Amino acid sequence: MTDTASSRLSAHHLALGYPAVRVLEGIDISIPDGMITALIGANGSGKSTLLKALGRIMQPLCGSVMLDGKMIATMPGRAVAQVLALLPQNPVSPEGLTVRQLCRFGRHPHRGLLSRMTEVDEAAIEGALAATGLMALAERPIERLSGGQRQRAWIAMALAQEPPILLLDEPTTFLDIAHQLEILELLRELNETRGRTIVMVVHDLNQAAQYADHIIAVAEGGIYATGRPADLLKPDLIRSVFGVDAMVIPHPVTGTPLCLPLSACGAR
Amino acid sequence: MTAKLMSPESLRAISVFTLVIALILVTAILGLTLGAVTLSVDQILDGLAGGKNSFIVMQYRAPRVVMSLLAGASFGIAGTLLQGALRNPLASPDVIGITKCAGLGAFLAALATPPAWAIWAIPIGVMSGALAGAMILLAIGRSLGGGVVSLALVGVALGMLAHALMQYVMVLFPTRADQSMVWLAGSVYGTTMADVIVLVFWLLACLPFLLIAAVHLDASGFGDDTLKSLGLSPGRLRGGLVLVSVLLCAGSVAAVGSMGFLGLLAPHAARLLVGSRARFLLPTSALIGALTLSLADLIGRLVALPNEIPAGIVAAVIGGPYLIFLLIKEAGYRD
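If you're matching them up, the sequences are chains A and B in order. Residue numbers for the first sequence follow my numbering, so the first one is 1 and each next one is one higher. Residue numbers for the second sequence follow my numbering, so the first one is 269 and each next one is one higher.
The following block holds chain A by itself, in its conformation from the complex:
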């Protein structure tokens, strides 16, 4: 790839999907360290599949995902979990768990379930609760949180895991616009102040443009293009990746690309 940034997490000649159907093929990407990377693409393009493969949730059909130069598939689960955490799209939690209890599970890769919590564990949990603004809600069961609070609770669990790399599958779905921005701001803060590498699947191109440093566009069964938002988000790409005619103008405030969809191209 063109970027020269260092990368702990990368994919080589990856093919993904199910034995009968290959969703993606010939994937070679590297996730730049310390940046926010957005995976974009149409529904069913395989961007979530790619994220799952990067997070070792899904086994590739062929090729390999490398973490710190080692094949992720052969690493012990806990060793991987110490470096990266993946937040699925609709996470399911045990019934009746409070926010703090949820965060405790995030410590599993560091301590195992049998050992007692140490001060380091407690500190990580407090830190995660503070970073996500959930201190006041720590003892509340997750079922009784609003959508945005619940998403923050899951992010808090991932943070308690203290992974340098955080993968998120559509972290803003089902949230209203204020909560969407709240989550994205939180992710950016984690990236800027704590140097976390973040990879997220996002639907909204303008949010990708505004919050991501690096974009990976997935289309036509492979990686369509990668690069900085300003270089990448052009009407041509939007037409090819999403099948939409769009106009791209600089954002009046931030200067990042602003995509204004005009119409669906119909049969391409």
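Don't take each hint at face value.
Where chain A lies over chain B, by a calculated footprint (3+ residues, C-beta under 8 Å) [stated by the list, open to error]:
#: 1; stretch: 335 to 344
#: 2; stretch: 495 to 508
#: 3; stretch: 541 to 547
DEER-style ranges, computed between Cβ atoms [as the list claims (entries may be wrong)]:
#: 4; chain 1: A; residue 1: Cys62; chain 2: B; residue 2: Thr381; range: 49 to 55 Å
#: 5; chain 1: B; residue 1: Pro476; chain 2: A; residue 2: Met117; range: 47 to 53 Å
#: 6; chain 1: A; residue 1: Arg116; chain 2: B; residue 2: Val424; range: 36 to 42 Å
#: 7; chain 1: B; residue 1: Val483; chain 2: A; residue 2: Arg194; range: 45 to 51 Å
#: 8; chain 1: B; residue 1: Ala425; chain 2: A; residue 2: Ala123; range: 46 to 52 Å
#: 9; chain 1: B; residue 1: Val483; chain 2: A; residue 2: Ala123; range: 20 to 26 Å
#: 10; chain 1: B; residue 1: Met403; chain 2: A; residue 2: Glu126; range: 42 to 48 Å
The hints are simulated quantities; they were obtained by calculation from the structure and are not laboratory data. Nothing here was measured: the structure is a model prediction, and the numbers come from that model. Cβ atoms here follow ideal geometry from the backbone N, Cα and C, with glycine treated the same way.
Using the hints, position chain B against chain A.
Then chain B, alone, in the frame of chain A:
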């Protein structure tokens, strides 16, 4: 212990423990005193010490009471582990076919060996049936991706198959059918001290695995993606819980027959009483299982004197309406 205040959760759990234990004690004492001959508490103490009523107490009533407590508790725990493993409130050793496979194993073992071998043949048959069932379940479930739904559905299909095979065998050998029917419904009738001792050893052998399973039970409530992200293997976690559940269940099935309904009832009742955290849920399920089975045996022994109704049937008769009541009450809270 730190000087932390007890959470309302723990207080609630402790009061539930106390209440259920008190009820169990009352049931156990009634179980020892009541029957064809009514004994006083003094006579029972005397009997336990080897006195005049020693035969009734030691040979007949005490083994039944202890057996119903132990078996009930292990059915309760087995059900709780299974419901957690499969993340499905309808899962119980009965529903996913484990007890039926165990029953088939016992039945075949009893048919294939001379009657005098029954003491050894039946437990071995139960164990091999239950383990074979669990292995098939896990193997097929795994080849289907190890998902929760596929595991549960394969279990239901497996149970139906085992049940059908068993009925077929019963039709082939009608002379053994009566005895098998009682055993299939579950009964503590005719339990001896030796049976109790065997089960105690079996449960002690299971204890280390049970402790490991208990620690992992809470985590099984997460989705598989989240488990993997935490560095846990969903297959190993769920498979392990299923296996421990099967071991507990098989021991009790060998001792008292199939009491499938307890595995469904006890965890539900416990969850509604103390919530879903494993450290409260497991002991409560065990206590409620023990209470239900000992109470069912007591009632079954008394209502139709001099005949007996198998405890499994009584448990289902009193447990069914109770479970429906609990579910209605729970639905009421949610609205």
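* List in ascending order the numbers of the hints, as given earlier, that are violated by the structure. => Those not satisfied are hints 1, 5, 7.
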